[in-house]
Every structure is written in C-alpha cells, then in structure tokens.
Amino acid sequence: MEAFWRRNSHVEKERHVKANARDYNDKFSYADNHIKTSKYNVFTFLPINLFEQFRRVANVYFLVLLILQIIPEISSLSWFTTIGPLVLVLAITAVKDATDDYFRHKSDQQVNNRQSQVLIRGSLQNEKWMNVRVGDIIKIENSQFVAADILLLCSSEPYGLCYIETAELDGETNLKVRQALTITSDLGDITKLMDFDGEVICEPPNNKLDKFTGTLYWRDNEYPLDNEKMLLRGCVLRNTEWCFGLVIYAGLQTKLMQNCGKTSFKRTSIEKLINTLVLWILAFLICMGVILAIGNTIWESQIGRNFQVFLPWNEFQRSAVFSGFLTFWSYIIILNTVVPISLYVSVEVLRLGHSYFINWDRKMYYSQTDTAAEAHTTTLNEELGQVEFIFSDKTGTLTQNIMVFSKCSINGKTFGDIYNEYDQKVEITEKTACVDFSFNPLCDRRFKFYDSNLVEAIKLEDLAVQEFFRLLALCHTVMPEEKSEGNLVYQAQSPDEGALVTAARNFGFVFRARTPETITLCEMGRAVTYQLLAKLDFNNERKRMSVIVRNPEGQIKLYSKGADTIIFDSLDPSNEDLMYTTSEHLDEFAREGLRTLALAYKDLDEEDFDVWMKKLLFASTVIENREKQLADLYKEIEQGLRLLGATAIEDKLQEGVPETIARLSLADIKIWVLTGDKRETAMKIGYSCNMLPDDMSEVFVISKHTVQEVQQELRSAKEHILGLSRVSSTGDVEKTNMFVVDSVFEETIIAEYALVINGHSLAHALEPQLEHVLLDLACLCKTVICCRVTPLQKAQVVELVKRHKGAVTLAIGDGANDVSMIKTAHIGVGISGQEGMQAVLASDYSFAQFRYLQRLLLVHGRWSYFRMCNFLRYFFYKNFAFTLVNFWYGFFCGFSAQTVYDQWFITLFNSVYTSLPVLAMGLFDQDVNDQNSLRYPCLYKPGQQNLLFNKRQFFLCMLQGIGTSFLLFFIPYGAFSVMVKEDGSNFSDQQTLAVTIATSLVIVVSVQIGLDIHYWTAVNHLFIWGSLTVYFAILFAMQSNGIFGIFPSIFPFIGTARNCLSEKSVWLVILLTTVVCVVPGLVVSFLRADLFPTLTDKVRHQQLRKREGPQEQNLRRVRRTSSGRSAKAFSHQQGFGELITSGKNMRMNTVPSVSSPGRTPHSSTWIENVLKRKNRVSCANDESTGGPENSEIAKQTPKQQHTD
Amino acid sequence: MGKAKVKSGPLARRPDNSAFKQQRLPAWSPMLTANTVLPFFYFMAAICMLLGVWLLLTVQSTQEMKLDYTEAGSCNLCYQKRQNASNAAQSCTCKVMFSIQKAFKGDVFFYYGLKNFHQNLRRYMDSRDDGQMVGRKRNLKNPSSYCQPFDKDQTGVPIAPCGAVANSIFNDSFTLSYHQPGSSPVRIPLLRRGITWYTDENVKFRNPKTENLTLAEVFKDTAPPLYWQKPVYELDPDDPTNNGFINEDLIIWMREAAFPNFKKLYGVLNRADEVFAKGLPAGNYTIDINYNFPVQYFRGRKEVVLTTLTWFGGQNHFLPVAYLVTSSLILLLAVVLTVIWWKFGKAGKNMQE
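In order, the protein sequence lines correspond to chains A and X. So the first sequence is numbered by UniProt numbering: it starts at 1 and just counts up by one. So the second sequence is numbered by UniProt numbering: it starts at 1 and just counts up by one.
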C-alpha cells in the first residue's frame, strides 16, 4: 500500500482524466474508489501482528529469556516459568487486535458497498462505491452522498446549478452553490453524456479543500476549471433533483481522505514510561547480574576452588571467571521477575475493564438518540486523566447547530423575555408555557416563543411590528418548498436566515413562494404578492442585504437587514432616539451571546428609483471595476433608512456546555475552539460558552493575509501581554528576547486574554518561523479560537501543541472535517448521533453530548489514571520485593544462582497468588467518588502534572520493594541460623527457609495492598482473602504425599509446609517480618496525609464525614431540571476575574497547595477559593451533576420528548 | 459492540443500572487518620514488647554448650591426618573433654555443626535424585543426570545414593561419657532413631521394594558413593531397620542446610537411665570422636552442640531481641508521630479546605 502511494506521488505531476475512456485512464493506475482503514487481512494477520507485538521491548525480553532458559548450563529455572505466560500474553493481545480490525473491516465494507449510478456502455448502472473509477461519469440524486471528487457536468437545475451541503467536509451546514461549465450544462441526457469525451488535465491529488485548478479540453477548446465546479466526496446534494459528474479523484486520493491524516498507533505516556522503566530495570538487572557474577568469580577462586572435593567443576569449566560468566546468565534468569510478564497482560485487562465502565456509564447515555458512550480503543484510558489541551469543533459539538429566533426589539421595545408579577425576569425552562400559534394554520409547530406580548402586538395590528415581520419574510434568499398544502419547508443558505423566516412565518407573515420576479406572502391569512425589483445581495464587506419590492398598493419599498453598525450608519437622522434605545437592546442581546441583526426600511420614490435602476443596469454591464461601482450604487440607495428594530438569534448550545467548559477550565484544561465557521459566529459562541467573558482584558484578533503582517500582529499581541504583566509585576520594563517566554512570566500573567485567529492567518502562523510565536501567544491566552480553518489546519494546530508543549491533547468533534484532528490528537472523541459517522469511526471515544466530556475526563479519566498509577506502583513494589530476596541469598550461597523459592512458587506468584487482588484494585479502586470528582475539578491536576506515577515514584516504590526484600530475607536469616524444631530436629534447611520466606512475602504483599486500597468492595475482599487461601491450598497440595508419589523429582518439597507451618517459631518469624515490612510505609503515608494532605485527602475526609453525619446537605439541594437556557443563567454568574484583580485572594502560603506543588501557588489558592464560593453560593455543580440524570428521567415520557 | 442486544425499544441501548456497572458497589473506604493509626502503633508496640519479654525469659531458661573440636585436644592429630586425602581409609579417633557447670534439665539434644560448608550451592543441591531415594528401581540403576559426576563410578556401575550431597555425607561419630565423681565414666545413652521429620522418614525416603530380598541383594548392582567407606545398606551396623535410604543420618544430611554454617541433630539423650532422668547433671564429660570428615579443604570448622529446648525451638536469642528492638522502634515512632500530630496536624486541621 505504502509503496503504491509513494510511486504515485512520485510520478504524478499532473493528472489526465478522459471521460468515458476507462482504458485510457487505466494507464495511469489512479487509486480506485475503494477505501481501506483496516490493518490486516486473514493472511497477513499473524506475521504483521506478531511483528507489531515483538516491537514491544517486553516481549523481546521474554523471548530472550526463554532462549536462555533452554541452555542447560545456565538454566536456573525451568522453561515453563516463562513460556506459558508469554504465549498467554501474545494470544490475548492478538485476539484483541483481531476484533478491533474486524470492526474496521466492517465499517470499510459498509462505505465501499454504498450504491451509486455509473454511466457504463450507454446506460446507467448501479455500482458499488468501490467500483467507481476515475474517468467515470456518475449520477447523483437529491440527498445522496457524493461518492468521489467529481467535476460537475450538468444538473436538473437551470444553468447547471446545483446545491450541496458540505457539513462532512468543513462543518458548515449552509447550502453552497456549484455551477457547471456552460458548455457542459446542457449535456443532461444519457446519449449526450455518452458522447462526451472531454479530457481534464489537473493538479495531482492534494488536501486543499478550497482549491482546484485544471483545464477541460473538449472539441478543441480549453475551459478553465476551478473549485466552483467540483463536488467533493462527502458532500450531500440538496435541492437538486440530480446531477452528473466526472470522477476526477477517487478513494484515498479524494480531498476528504487526504485530509484524514494518517492512522497511527496511539500510545499513552504511561505506556511509554513503562517501556522506559522496563529498560531501566533491565539495566538494573544487568548490574545485579554483574555484581553477582563478580561475586561468583571471587567466591569460586577463594572458596569454591577448595570445595571441589565435594563439588567438582564442570569439565568444560576451566576457570572461576568462566563460572562467573555462566552465573551472570543464570542470575539474569532468576531475577527476570523484576519485569514481570504479567504486567503487560494486567495493564491490558485493566484498560479493557475501564473501557467497559465507560460503555456502561448511564450518566453518559443520551436517551433522546439512544446513544451510550463508547470506548473504541482500549489503550488510552489512563491518558484521559492527563489531558491538558482540548481542541473542540464548534458546529454540532458545542452547539446543536439549531438557530432559534429568541428575542427582538421592535420600535424601541424588546420582546422575548418574560417577567413575573414583581417585574423580575423569569428564567425560561422547559416548563415555561410557550405562545400559542394556533391562530395561524401555516405555523411551524417546532417553533417556540415564550413572550405573548409580541403576539398581542401582532393581533393589535401594530404597524411597526407588522413591517418588522414583513421585512423578515421578504428580505432573504431562502427557497421555499411546499410538499403538500400548508406543509412548508425552507431551504436556507444559512440557518440564521431560516430561523428569521420561520419566525416571520409563525407570527403571521408566511413566506410561501418565490419566482425570480415575485415573492408571495401570506400576511395574516391574506395572500399578498410583492414584485421583487432588486436584490442587493449580502457580502462580507457590505455586511447587509436589501431588497426593493413593490407592494400590491404600488408603493416601492426598500427593506434592509444587516450588522447593527452598518445599518446605524445609514439611518435617517430623525431616528436617533430609537437608534440609541435599540443599540442598548443590541448590547444586551450581545451580552447574552445572541447573534443580532438590525432591520430598517425606506419608502422609495418612483422616479428616484427609476433613475437609480437605470444606473444599476448600466453598471452591471460594465466590465471594469464592476464590483465597486455596484457597491457604490447600493450604498447610494441604502441611505436615509428608518429603523425598525433588531433581531436576536440564539445559536443553541448543547445542554450543559458552559458548565462543562467552566469546570474543565477549573481543572486547568485549556480549551481551544477550532471551527470552519466565520469569525463572528465563532466569537459569538465564545461569548455564550463563557469562554470570552465580559471582563476579559483583551481579545486579540489575528486576521491579516501576509506573513509579515501576521507576524507583526502576533508579536505586538505578545508584547502587549508581557509588557503589561511585567509592568504590573516588577515595575520596570526590560526588553528580553521575545522568542523565549520565561515560564515565570507565564505564571505571573493574571489578566485574561483571548486570541482569535483566522484560517488564512493561521496558515502563515503555522509556518516554522512563526509557530513558536503563535504557540507562546496562544498559551498566554486563556481562550483560543481559530476560525475558518481547514481540517488539515486543525490537525496542524493539534500537532503543534503536541510537539512543542509535550502535553496530552484531546480533540473532540462530530464531522468528517474533524477526523484529521481526532486522529492527530492523543485522544480523539467523536460526538455521535449526528448525521455523519466519520468522526465517530475515527475516534477513540464517542458519546452523544459535549457535556459528557467532563464525566469522561474528570471521572473516568481521573479514575483510570489513578488506578493505573496505583496498580503500577504496587506492581513494581511487589516484584522487587519478590525477586530481590534471591539477590541477598546470593551472598550466602556462594553466588551460585540458587533460588530461595520453590520453582512452582516462582511460576505462580505473579499469575496466581498476587494477580487478582491487584487487578481488583486497578479495576475498582476509587479515592474519591464521582460526584466529588466533578465537584472538585482541581482533583484532576495531579494527572496533568504526572504526579502519581513518574520516575520518582518508581524509584520510591523500587526502594520500598528493595527494603522489603532485604527484611524478608534477613529476618528469617537471623532466626534460622540458630533455629531448630520443637522436637529438636533439623530445621535450618533451605526448603523450610523457602516456605517461610514465601509465606511471609505473600502475607506482606497482601497486607500492603490492603493498605493501598481506598475502596474495599466485596470483590476486593474476595480476591485478597481468596488469594491467601489459594496460596495455602496450593502450597499444601504441591507438598503433599500424593503428588510427590507421582513426580518425586518435580515436587521435592514434600512435607515442608506441614513441618514448617506447624512450628510456632515460624509464625513468630512471619509476624515479625510482616510488622517490620509494613510499618515504615504506614508511617510515611500517615505523615504525608497528616502533614501535607493533598486535595484528594481532604475531599476523602469530607466524603467520609458526610457519610457519617446527617445528610442535611442533600436535603437542602434543590434539583432543577437543566435546559439549554441554563447556559444564560450561568453566564450571569460572577466570574472569578474580579477576585483576581481585587487581589483579595492573593494570600501567600495559606493552605499548602499540594495539588500543584511549586507550580502555581497563586492559582491553586484562588481556584480553591472559587470552588469554595461556588459550593457555598449555589451548589451549581451539584445540580448539574444531578442534572443530566434528572433530565434523562424527565425525557422518558414521550410527551415531553416531543415538546423538546 | 458485536453483541446482539435482546432489548428493543427507544431505550434499547441504555446501560443497566446495576451497582457494578455504575461503579457504585457498596464499599468500605478506610482512611489513615490519627484515630486509627496511632492506637494501632501503640498496640503493635505493646504486643511486640510482650512477646519479646516472654521469649527472652524463655530463652534465659535454656542451656547450651558448644564445643569446637576441629583441632581441639587430641583431635589435632586427626586434623593433620585428614589433610592428606590418601589417608582417607585410615581411621582416627580422638577425645575431647569438657565440663558442665550447671545441670541441663529436661531433654538434651546433641548436634554436630559445620561451619563454612556450602550445602546450598545450586549445583550441589541439584546433585541428587529424589526418584532414586524414594525407591524407584529404574532410578536406582539409572541415576538422574543431575547427579553427575557422582552418578556412576569409574567402571560405570550406578552409584546409590547418587549425587554430590550423599557423597559428601558427614561421617564423624561420637560417644559421650559422663565422669561421675569418684567412679568410672558412664557412657551416655543417645537415641539415634526418630530424629528426622516424619514425612522424610516415611514418604520422601524409601528403600526399593525388597520382595523378600535382603537389602544387600537389592543394592547388588550398585556402588556406594565414592567417598563412602561402607555401602548404604550397612550404614547402621546396630539396627538393621536403619539401613539403606532410610538411614536417619543420611536423611538428615540430605535435607540441605540453607546457610553455610549449620548444625544437624545427631541424637537425643535417652532419659531412661536414672542418672540422666532429669537431664545432664553438672560435671565433667568426654566425647570420643571417630574423626573422619575432612574440613581443612574448605577452611571449615566442626563442632558439637548440647542444648535444651523451649517451646519455640532451641536457644534462639535472635527472636526475642528482634521483637524487643522492633517494639521499642515502633513505640518511638508512635511517640514521635503523636507529637507531630499534636503539634501540626491535630484534629484534621489540615483537612480544612
């Protein structure tokens, strides 16, 4: 596959595609339309999978060990101690990989087998997607996905127009127009298409979604081609019955797939750390081996030489040095258990279990779409507890992508809010009664409005209100579709327009039909037809749109809507008072994060209009400077307007988004929004998500087009931040190298900044010379919003942070345009339940609502990380304690590689005697319950700072293990050198020592895990007591008469357990060993918890007290059904910006902030303050933790489901 | 993923609301607080202290006498003699005298001890055939390869018992005499049977099935280990049932010591004789030693040990001392922790947010 790719990209400088000529096109061997995301097939599975697995350091290590054990001269352990576990590990991993790949095959197959109509040999035939080839002409019908990147030839609409939705590509849901070349637009029947033999020469496949250059050669003419004539794979045809197109790029070479990025193996940082540690342990092992081998050499030359009378050297062993060499390998085998093979299996099992817990979580289940959360990969769970950056898509992720007409201001009066009898604003919830539109038979039943005053005004025939809605019904570009009488469907270019027209429709000004010259409304039940005289279209510079119509009475009117500043500029001076009131209203709307438009109209004189119209007609034929002339003309007539009012549209956020974002930022997670949408839209969402709060010091907008300008902007923004903070912190400004941001500065910046950057500027900013400036600036800002970015840029931004910050990144999105960033980030999350499934398929985790992200990270992620770290610490401790006893024994047995233990004990210790308790701990342990995990987001920070398991922690648990092994060996040594049995018989033999140490070891590690477990469920009890029982059962079974009778040489320990464990002195030794081994750890953890309690300890403490004490807090808690509106309520809440600026919370060294030692002393205190205040004031967090659950229950009744 | 769901309807994919799946299993979450940890420490200190004192008192009541006879008295000659391997076949006897100040009350145990003898080397320990020693005929004639080079003699006859362990058996023998004041020395009777583990004597070591043959016939086609003076079936000339693989001295030797310095039981005082009914009286004693085992090769020492026992074994000062030390350390820690807790972390002061 890769070779194929390389060859193509190597050779292909330019692409030749000839229509209806498969033979010709086959010469170039372009990629076909078959896509493949799977890794293996039946035959390649075994070799490739084994290869993958043996790339793991650990597996190679065990293979080498196995080989060593087969050599008899150095084999100090039987081969079965290694091979069984190794095969088990390989098999489990292989089965897991195979299932994963099976599902990938299935999803590929599903896509590949979609049907499409292809023109083959004179007729349209149904073909599977995968059989579509470059050069084919295919037919696409309304609402179908486009199968490949095609050149539009003709369509059912006039002039070869067609409409497409590109949500899968860039996340925008508004319709886009594509137009075929005029020359091909009349090819619309099959015979003509058959004869079409044009040849396209174009650029090779690339990932630029908005660029295409090529030329069509047909009938000796050349026609330039651009992106406006292309339909890309992943688009959906809308409002167009059918169209034909010529396939230019297929399969993996389509722009969509090229944007998907590479599938790479994701590996968690913990796993990388484990691999490093395994290497270290290996080095440690070799060191021990060398020490013992040197010891052996010395011993053999000093003592062993003389002992040859009783134990002659092997015939080939000529010198003590050679003996040392052999001993080295023998000790490598004996001590190999410091890297236990069961570590990797156990880690996999834990992750699998954690994934199931995610799948099973009811609080991440969305009942409306019947979607449960799903973990697609089982290798990343603990990484969820370490996320520092979240990259979020906007449309469909933060928002529901539903625009709702929410408020308006008409003639200086606002509508939309409801007030109670005391004139206080009432919060709108699901229960609030909505206005009854039953007077209007044509109304849209899904439309909801709560303020009945507006309907009253309409019914009173208030002229301004009528004119307001008439404008909304007339001034737009929406296409109506009346499928049956009264069943209107609007096709809008932008959802905002749709919302406005729908609002007008419900308030009795129904837009019913349009022709190029007329617009028909149904005004309060009366059909009225307006003549459309001129349409002054919207563009980004004008920021408004106007229509000029003649009403049935013959009056000519201009209706205009647009951005408030633009409209206000062109108002008649007499409107000044109204303008001020309206602008106050607009400010209010904007504060609430609503998207606003101002509306104005003007009566036109017949004569003036005629003059203007003539000018317009003239101007539209001018060739030079046409745009500017038109714009000037438009401006000329859009003067002296009379203000009608303003509209406010809510881009409906998903439930709980602001709360989620607030909580995640309290957990020190930085959230960047990357969207393909316009800047204004993106910023509006920023406001309503509380990411751009009002008290934000400054929002830097980067939107220049050249490298220099972008650089300039970035630099000055950064200087601004650093300059200000430096002045405020140190008082004197000193110039330092701007490229180096001192981490100290990063911390001292207390003001909040935001960065908004445009796609075209981002393209420059991502270039190597600027990316550092960008990254530094972005990290100084609290909020980063990138708008108008392409899918690949999203991936580049993620990559940039991933590469330079070394932080764990998470990308969340719902559309195909997010696939690349989902794949690039350490963790990809897909929002499921929407139309496209591509994001979900590419993701590692998927669920239905953005708000579940907090649960995924703060609860599941935190637990996974916590459990994994505890597991690893204990595991390494256990194995050091177990293995190093052999090292100490080496000093007493002439370094002869004699093991302390029975071989069976070595085989079973990790897999049977101690595996289940530690697994249970890794699966079920909870330091803090889920409610508290969400309530105290700061608990998440240790994960980001890697505090629970790192090299230091590893050394500590290694030291503890070594210490334990030392005591485990030397206490029995001291006792045994002088001990005899009660009946005086022989008692200081090696087998008794083995059983005593093994028993002590099993008891000590069991007690230790008992101390490490925070959450003793029945399973933990069962496993711990069960393991002890099993140990003794197996011990006695293996040393029983019967089994010895069968295999005397394999079970030589016959009777040792009976004779040894019946002695009181042995139990005295075991008791002493246990006490001495456990007490130091206990002291340390008690001191740590008592003197330097972490936030976790505090929360645990509270949690325990609460359980004991009366449950008053729960009683006080009033549960409120959450709704989309709660977002507003939240944005009214006091932020903490004020706290910081007031400096009240800047007490030095109050509570030692263990949660983030030394890193951000200030921030941890203020966050705690905020937390405290939050809990005191409203328990807002409690409510919303209960919220989803509650609303879920509410939604179970079908009636309520409909009203939603 | 692949599982077919039985449920259907609008909430078909809703996860079960079980405590297990929702991670709400009832659980006990203990926490290390001063209320639990400090009392536990004091309690442990007290327990260890009590045990330590009790063990110490018990140990005080025991008596032990050690006598290194490697070069002591007339044994010096034998020591010189054994330096030369060519004299191995010649016997050598010597006599060592000692006296007991205070009577040994109760059962008295007689051990021989070796120093610097490594029974715990890997190749030494492996050099035995448990199949042979449990009486398997096949292994008798065909010893395990682990026994090399002590599996067959120069002529290729299989050695029984094979291996380095059996080959190096300790072969000194002792006779104890008590010099009663004013009368001739009395030989002290020692019980030489019943001094091994029951499982060793009855399960682990068995002679090959005899089928009415004498032991000598059973071991007919085998050779004794190279260093042995007499074959395995003649180890105990006095007691015919104590011969072959079940000879108790052999069994005791075959249980390899864990450390290079060890002692092994030789016999127990037979208190049937009225002189020794209460143990060993104070007075002078001699040991007549049949000095065979050479130790100078590996710079080893040989000794004999006489001791009385307690309920936890022989005279063992390690355990009581270790317990006392542990208890005082825990007590010290407990006090320090209490002070720290009192001064800095009392009453969950740090637990406030």
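FYI, nobody ran anything at the bench for these hints, they're computed from the structure. Quick caveat, the model's predicted, so the values are computed rather than measured. Among the hints, a few may not be true.
Looking from chain X toward chain A, a few residues come up when the C-beta cut is under 10 Å (computed) [stated by the list, open to error]:
no.: 1; residue: Arg24
no.: 2; residue: Val157
no.: 3; residue: Ala282
Here are the in silico distance ranges between beta carbons for each label pair [said to hold, decoys possible]:
no.: 4; chain 1: X; residue 1: Ser18; chain 2: A; residue 2: Glu719; range: 25 to 31 Å
no.: 5; chain 1: A; residue 1: Ser29; chain 2: X; residue 2: Ala19; range: 48 to 54 Å
no.: 6; chain 1: A; residue 1: Phe1032; chain 2: X; residue 2: Thr210; range: 22 to 28 Å
no.: 7; chain 1: X; residue 1: Asp238; chain 2: A; residue 2: Phe1047; range: 32 to 38 Å
no.: 8; chain 1: A; residue 1: Leu1028; chain 2: X; residue 2: Asn290; range: 45 to 51 Å
no.: 9; chain 1: X; residue 1: Thr210; chain 2: A; residue 2: Ile1046; range: 20 to 26 Å
no.: 10; chain 1: X; residue 1: Asp273; chain 2: A; residue 2: Phe1032; range: 42 to 48 Å
no.: 11; chain 1: X; residue 1: Ser18; chain 2: A; residue 2: Tyr102; range: 25 to 31 Å
All C-beta atoms in this analysis are idealised placements derived from N, C-alpha and C, irrespective of residue type, glycine included.
Let me make sure I understand: some of the numbered hints might not hold for this structure. Which ones are they, in numerical order?
Checked against the structure, the hints that fail are numbers 2, 3, 4, 5, 6, while the rest are satisfied.
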